[in-house]
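Asks: If you read the protein sequences in the order shown, they are chains A and B. The numbering of the first sequence is the numbering used here, which starts it at 1 and goes up by one. The numbering of the second sequence is the numbering used here, which starts it at 1 and goes up by one.
Just so you know, these hints were derived from the structure itself, not from any lab. In this text, a Cβ means the ideal position worked out from N, Cα and C, and glycines have one as well. Please note that a few of the clues may not be correct.
Unchecked claim - Going by beta-carbon spacing under 10 Å, a handful of chain B positions derived as facing chain A:
id, residue
1, Arg17
2, Leu53
3, Met67
4, Cys86
5, Val120
Said to hold, decoys possible - With a straight-line cut-off of 25 Å between C-alpha atoms, the simulated PhoX-like cross-links for lysine-lysine are:
id, chain 1, residue 1, chain 2, residue 2
6, A, Lys135, B, Lys4
7, A, Lys284, B, Lys143
8, A, Lys378, B, Lys105
9, B, Lys21, A, Lys187
10, B, Lys137, A, Lys101
11, A, Lys378, B, Lys96
12, B, Lys21, A, Lys135
13, B, Lys21, A, Lys120
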Amino acid sequence: MAIEEKRLILKYTDQPGYTNDIDCYIKHGGYEDLKKAFKMKPEDICEEVLQSGVRGRGGAGFPAGMKWKFLDRKSGKPIYLICNADESEPGTFKDRQIIHKDPHQLIEGILCSAYAIQAKLAFIYIRGEFFEGYKILERAIEEARVKNFLGDNILGSDYSCDIIVHRGAGAYICGEETGLIESLEGKRANPRIKPPYFPAALGLYQCPTIVNNVETLCDVKHVINMGGKEFAKIGTPGNTGTRIWCVSGHVQKPGYYEFPCAGVTLGELIYDVCGGLLPGRKLKAVIPGGSSSKILRADERFTGKKKDGTEFDWGIEDIPMDFDSLSLVGSMSGSGGVIIMDDSTDMVEALANINYFYAHESCGQCTPCREGVPWMKKITTRMCTGGAREEDVDLLKSVADQIAGRTICAFGEAASWPVQSFIAKFKDEFEAKAKEQAILRKQGEDTATETSLI
Amino acid sequence: MDLKQSTLDKIDHLVPRYPDKRSAALPLCHLVQEDLGYLSNESVEWIAKRLDLEPINISEIVTFYPMLKTEAQGKYQVRVCRTLSCALAGAYKTCKQFEEAFDCKVGSTSEDGLVSLEYVECHADCGRAPVVMIGEKEYTGIKTDEAHELIERIKNGTVDTE
Ligand SMILES: Cc1cc2nc3c(=O)[nH]c(=O)nc-3n(C[C@H](O)[C@H](O)[C@H](O)COP(=O)(O)O)c2cc1C
Ligand code: SF4
Ligand code: FES
Numbered sequence: 001m002a003i004e005e006k007r008l009i010l011k012y013t014d015q016p017g018y019t020n021d022i023d024c025y026i027k028h029g030g031y032e033d034l035k036k037a038f039k040m041k042p043e044d045i046c047e048e049v050l051q052s053g054v055r056g057r058g059g060a061g062f063p064a065g066m067k068w069k070f071l072d073r074k075s076g077k078p079i080y081l082i083c084n085a086d087e088s089e090p091g092t093f094k095d096r097q098i099i100h101k102d103p104h105q106l107i108e109g110i111l112c113s114a115y116a117i118q119a120k121l122a123f124i125y126i127r128g129e130f131f132e133g134y135k136i137l138e139r140a141i142e143e144a145r146v147k148n149f150l151g152d153n154i155l156g157s158d159y160s161c162d163i164i165v166h167r168g169a170g171a172y173i174c175g176e177e178t179g180l181i182e183s184l185e186g187k188r189a190n191p192r193i194k195p196p197y198f199p200a201a202l203g204l205y206q207c208p209t210i211v212n213n214v215e216t217l218c219d220v221k222h223v224i225n226m227g228g229k230e231f232a233k234i235g236t237p238g239n240t241g242t243r244i245w246c247v248s249g250h251v252q253k254p255g256y257y258e259f260p261c262a263g264v265t266l267g268e269l270i271y272d273v274c275g276g277l278l279p280g281r282k283l284k285a286v287i288p289g290g291s292s293s294k295i296l297r298a299d300e301r302f303t304g305k306k307k308d309g310t311e312f313d314w315g316i317e318d319i320p321m322d323f324d325s326l327s328l329v330g331s332m333s334g335s336g337g338v339i340i341m342d343d344s345t346d347m348v349e350a351l352a353n354i355n356y357f358y359a360h361e362s363c364g365q366c367t368p369c370r371e372g373v374p375w376m377k378k379i380t381t382r383m384c385t386g387g388a389r390e391e392d393v394d395l396l397k398s399v400a401d402q403i404a405g406r407t408i409c410a411f412g413e414a415a416s417w418p419v420q421s422f423i424a425k426f427k428d429e430f431e432a433k434a435k436e437q438a439i440l441r442k443q444g445e446d447t448a449t450e451t452s453l454i
Numbered sequence: 001m002d003l004k005q006s007t008l009d010k011i012d013h014l015v016p017r018y019p020d021k022r023s024a025a026l027p028l029c030h031l032v033q034e035d036l037g038y039l040s041n042e043s044v045e046w047i048a049k050r051l052d053l054e055p056i057n058i059s060e061i062v063t064f065y066p067m068l069k070t071e072a073q074g075k076y077q078v079r080v081c082r083t084l085s086c087a088l089a090g091a092y093k094t095c096k097q098f099e100e101a102f103d104c105k106v107g108s109t110s111e112d113g114l115v116s117l118e119y120v121e122c123h124a125d126c127g128r129a130p131v132v133m134i135g136e137k138e139y140t141g142i143k144t145d146e147a148h149e150l151i152e153r154i155k156n157g158t159v160d161t162e
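So that you can see chain A by itself, here it is in the shape it has in the complex (with noise of 0.2 Å):
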């Protein structure tokens, strides 16, 4: 039987007859949370996003609660809220339904927090290619200002915040949050070194900025709803909430799937919540959280110990879909992009075709990152097209070892951990290709192949 799922975030959206206007949200009881929280003290929400235990659902999972802690209020700079809506890690696909679908909610969520670390601006950074995303916004924004939810004197109170929503232009690197303030500052999207551009202390104009991502911010309004130790009860401890899994590759039915957090396994997720895989195929490999986190292949057994002591024992369908479950096995939960591989994937051109996304979009002011990245792009589409020599996984697997952890910012890790892990868990298929070629060549023959995913 398929598992129910249980929606928090996507409650209205996909009913028959929601639509993303005013009034509609309005009916649902939109805005209500956002009066509750006028009535509030902003130190007393900032505690309860604390008690909720909430963590960012844009990739590293770090309390929201905790971020806004670390704000620095008493330098009397004006703070300004971001909400990171560049929704760029391959795989991930959840922020396009909120903005598209239910875009006041995520209005409501920003105004929320921004009341909370009274930030009287607020951004949204949308990436530029969600151009009817952007009209949406533009829109709502606009019928929250007539209904005096957001701009002067929100609600009859001495409190005012209007929100701009920018557009990016197509380049990864604007998801990484100081690259994101670069670009919003009119420049190109250059990550800043941390420390201290920590944004919470130096962030937009040097300013204190809080940057979450779409769906933490709707996670704010939900703990103003039910009350940051109600909202804690959701999920398991550490892990509280709902996520929303943004599935796709070899599934029967790919799309995106809000549960609590733990409250499915990898496997009821592929089997049960998306009729498994195509006809035929067998379970190959799964990237859980977006493509830079690491590659978990299907006939492991992934043992070790819990945070509370006990032992776990699973293989890859046993994973509880949570933050920590993910981090135990070795990966990440990161952006909530699961990507499906099944038995008829080349794991090698699986491999070139995420290089070349990296390679494309590295931001280049760190030499290890610019030289290296391309050049695991010009290794693997060798590897593929005919050109793979036998020193090459050992080679590929040096320069991500030496890229990571050496660069200004995390792209550099989320460049080299898909390369470690392919060929920790794929390395015969790698040395096979090589040693193929190799046997062909040395017989004079043509070792040009057809490729499909590069």
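Take the given structure of chain A and dock chain B with the ligands to it, following the hints.
Replies: Chain B with the ligands only, in chain A's frame:
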């Protein structure tokens, strides 16, 4: 510079909203490009002047962001997502169909100026792969048959671009 009045109005409305007007650089690039099709040197200089910046300040962002173009594009801008989920669903094959139909290598504009074809990276709709954008409109699930249909609609001018 021959910008439409509506573009100028949007620019005048937008610039003062930012605490620092340099922040309006990227939005202005979008607005000017939407109006004129691409960003010429003249456009770059105009935007710089409008924001009290040096032309290099605009140039360096124009060369950084893939969506900003420095050359005229075809009548239809066709962007095929080639990232993993789309590739697993056959995006490379889809792209080949476009290449052959318009005799246009990916990364270039067809000789008759009808289409500019390019690969783009994940468009955040991977559950409905392969994803293709034509102008500002997104098309999903574009496998062989669907690609064929889109190609016909581009050829006879009935395809929606927004
Ligand atoms: C290379 C890179 C790309 C990122 N892309 C995104 C993105 O597209 N969307 C997003 O919300 N966060 C992205 N992040 C994470 C952000 O830097 C930041 O941690 C996040 O927006 C914080 O919000 P959260 O705490 O609510 O998750 C990215 C990080 C890195 C290193
Ligand atoms: S790691 Fe790469 S993307 Fe990040 S700052 Fe360095 S060069 Fe840029
Ligand atoms: S991979 Fe094409 S939309 Fe994500």
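Asks: Look at each hint and say if it fits the structure.
Replies: Tested hints:
1. Arg17: At 6 Å from the nearest chain A Cβ, Arg17/B passes the 10 Å test, so the hint holds.
2. Leu53: Holds: closest Cβ of chain A sits about 8 Å from Leu53/B, inside 10 Å.
3. Met67: 4 Å, holds
4. Cys86: Nearest chain A Cβ about 9 Å off; hint holds.
5. Val120: Status holds, d = 7 Å.
6. Lys135/A to Lys4/B: Judged against 25 Å, a Cα distance of about 20 Å means the pair holds.
7. Lys284/A to Lys143/B: 23 Å, holds
8. Lys378/A to Lys105/B: 21 Å, holds
9. Lys21/B to Lys187/A: 12 Å, holds
10. Lys137/B to Lys101/A: 17 Å, holds
11. Lys378/A to Lys96/B: 22 Å, holds
12. Lys21/B to Lys135/A: 22 Å, holds
13. Lys21/B to Lys120/A: 17 Å, holds
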